[in-house]
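Protein chains in written order, with UniProt numbering: chain A, 1 to 294; chain W, 1 to 104; chain Z, 1 to 204; chain B, 1 to 157.
Quick caveat, the hints were computed from the structure, so don't treat them as lab data. A couple of the hints might just be wrong.
Claimed, not checked - Think about it this way: if two alpha-carbon atoms lie no more than 20 Å apart in a straight line, the pair counts; the simulated SDA-like pairs of lysine to any residue are:
no., chain 1, residue 1, chain 2, residue 2
1, A, Lys212, A, Leu52
2, A, Lys60, W, Gly82
3, W, Lys12, W, Gly73
4, Z, Lys36, A, Lys60
5, Z, Lys130, A, Ala49
6, A, Lys193, Z, Ala47
7, W, Lys6, W, Gly82
8, A, Lys265, Z, Gln44
Said to hold, decoys possible - Short derived list, chain W residues pointing at chain B, Cβ under 10 Å:
no., residue
9, Gln46
10, Lys55
11, Asn69
12, Phe72
13, Gly73
Stated by the list, open to error - Restraint-style ranges between C-beta atoms, simulated for each label pair:
no., chain 1, residue 1, chain 2, residue 2, range
14, Z, Ala29, W, Gln10, 53 to 61 Å
15, A, Pro179, Z, Lys146, 55 to 63 Å
16, W, Ser3, A, Glu92, 23 to 31 Å
17, A, Glu55, B, Gly125, 20 to 28 Å
18, B, Thr136, Z, Val137, 54 to 62 Å
19, B, Asp98, Z, Gln37, 49 to 57 Å
20, W, Lys32, Z, Ala29, 48 to 56 Å
21, Z, Pro113, A, His143, 19 to 27 Å
Every residue gets a Cβ at the ideal spot worked out from N, C-alpha and C, and that includes glycine.
Listed below, chain by chain, are the residues.
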Amino acid sequence: MRQALVAAAAFALAISPAIAQDKPAAAAKPAASKKAAKPSAAPVEEKDAATLEFEKFRAKMIEEGNPAELFEAQGEEMWKTKRGPNNVSLAESCDLGLGVGVVKGAYVQMPRYFADAGKVMDAERRIVWCMVEKQGFKEADLHAKPFASGTYTPEQTSLVTYVAANSKDMKFAVPMKDPHVKDVYEVGKEVVKHRAGPYDFSCNTCHGADGKRIRMQQLPNISTQKGAAMAVLGWPGYRMTGNVMLTHQWRMGDCFRQQRFPEPKYASDTVTALLTYMTANANGVTYTGPGIKR
Amino acid sequence: MGSPMKVRAQMKGDFADIKILMSHPMETGQRKDPKTNQTIPAVFIQQFTVEVGGKVVVQSETGTSISTNPVFGFKVKGAKAGDKVVVKWQDNKGDSRTDEATVA
Amino acid sequence: MKTTARNSLVAMAMIAAAPAAFSDSDHRAKALVMMKQDFVTKGQATADRIFEDGLQAICNRTGNQPPADITKRLEADQMAGVKYPADGKLMGDWKEGEKIAQSGRGFTWTDEPGLPVGGNCYNCHQIAPKETSFGTVGPSLFHFGKLRGNTADMQKYVYSKIYNAKSYNVCSEMPRFGHVGALRPEQIRHLVALLLDPESPVNK
Amino acid sequence: MNILRRTVLKGASASGVLAAALTAGLLKPTQVLAMEWNKAAFEAKDTPAAMKAVGAASTAESKDLKLNAPDIAENGAVVPVDVTSNIPNTISIAVFIDKNPYPLSAAFNFANGAMADVALRLKMGQTSIVRAVAKTSDGKYFTASKEVKVTAGGCGG
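Work out the full structure: start from the sequences and follow the hints.
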């Protein structure tokens, strides 16, 4: 792909006036194309019967028992156990923003700014940071295979599930009064608008307007509170496809994949910025705990 | 030895509502490894029992078409808060697991 | 992908000519630096995809609404890059078009490079009535030809719209399928037939 | 031993059963559970054969046997189903999926206060009839069934 580099590099390009004055080619659009297509096809319902049936049985499954609870239990065990080269537990060393060891309500108040790291971090990134800085695990090891597949589940995934479960029934409250968080939010808003790649897609191509679908899949408008809630609720989630526990970090990567973008690095600023934008937009909405996903 | 189960039991009126989450791959023996094209052997829970207050209340046999990480729900009359609930499973490879909970 | 240097340069020239109109906000500048650091190549999705081409840069900097004169010149520039089939025939086989419209494959890091790329059409549009699993990001195309006819002008319009949607609407949400090499001219004309052929289920 | 015919649980405590089985030398050392898996029933390739293997050769439809399952499953790998029998003296429930390679999915015996009520999750390869069979203490069999549609997976979630 011969694409010009952004920002500074682009501005520095010396442009020949001859090219700049390219003659506009004749591009007459046939008149009929101005007419809006008004087909007599079946109306598109907001939610079809299948979607309603899926939602009903998903709710039933969460009520009766979500396999996510198995990972939550493993995460709790890991949180409380002395582990790693430093032989300390996260319960006695890791501050998720509400004090060392406090998990209750921590998930719905992240991403947040952590002075000790000098960064805004989402829950998963913070947990990884604690595992490295407090317990002495190697960052490269934790980054090597960060998402579940087959019967493998990364430790941080179980830990995130445990931490998230401890914010169930609490309202999202990303601390937007903190200027660090606000700044990252604004950067995230720019990431969401950034069109690039072979198909000129940005996040907003699919998630910037109400009532849109890809095939039958409802597309939440993440700029609204309702849409952001749709996108944020249910993560981390137990995915029926593959029977794996996956985190919101994973979901962001899969969005970029379908956007035809390259892969965002694990626990990177870009993913944190996106999560900050979406979660803060969902502020005030009650978190329903780890979910079940298709 | 298998991974821990999660067992919850709660009185709802005159019965105990028992929810069991098992951690098990429940391989059907019908899948192929996409990399090697070899059939992945079946590994699945074949039997489990539920005891409440020392008595077996449910005895079950299962095949390969139970979902991965199985979830079961039962209702038991005559149970009371404080009763011990014990769940035991055994799979076709001889692996087994026992976990307990108390009726709340 | 073949975003031509020419297409990019026209846009870049416009940015250079009026830098104030296209200047980045502080947050956007930060976002660009951040993304440059944070994305890595995976499969065929190379890290440089994060960089905008000229047209993307202008749309990104103007909230997808560049000034009218620039819009006009950019659209013309995109139109000039449209390549037509050698034999000049713009209507193919609607049945082949339906297959292309159904497929959403291609260009992701999990897609095998070299395998055929799909048109992704049903992802965003209602087209033939039999397919009830269709998206609504784009307008419905049901009865497209029935409502508009299939004159030579109309065929050319549909062909060039699919080849490069930006030649009609510079910041359109629709990809530039021919321009980026996702679909070949002979595939695009099958899609033209799907929309315009009176025998196509779209027009029944 | 046939699960739907079995009544070993009635009135016997688990430890009692186990102790008796151990005394009788019925248990292999590795076996935790004093049960046998009904191989013939679970390996039967169609529902009639599987039903025969569990002893349910003739059955009657019953409105008092409730089978709750989705009309359309979001994911065939995890289909939530629950079966409740309001037929008096129901002692066992079995669940079959007609189109699966091995239709018998599970069988449950209830005793010591357990209600004839079970929730479980099934793997379904394709759209199929899901069938519940209940057995009463006097040896009668009843059925209820429902079609569950399974569609190809998509992206999303």
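Check the structure against each numbered hint from earlier and tell me which ones fail, lowest number first. 2 and 4
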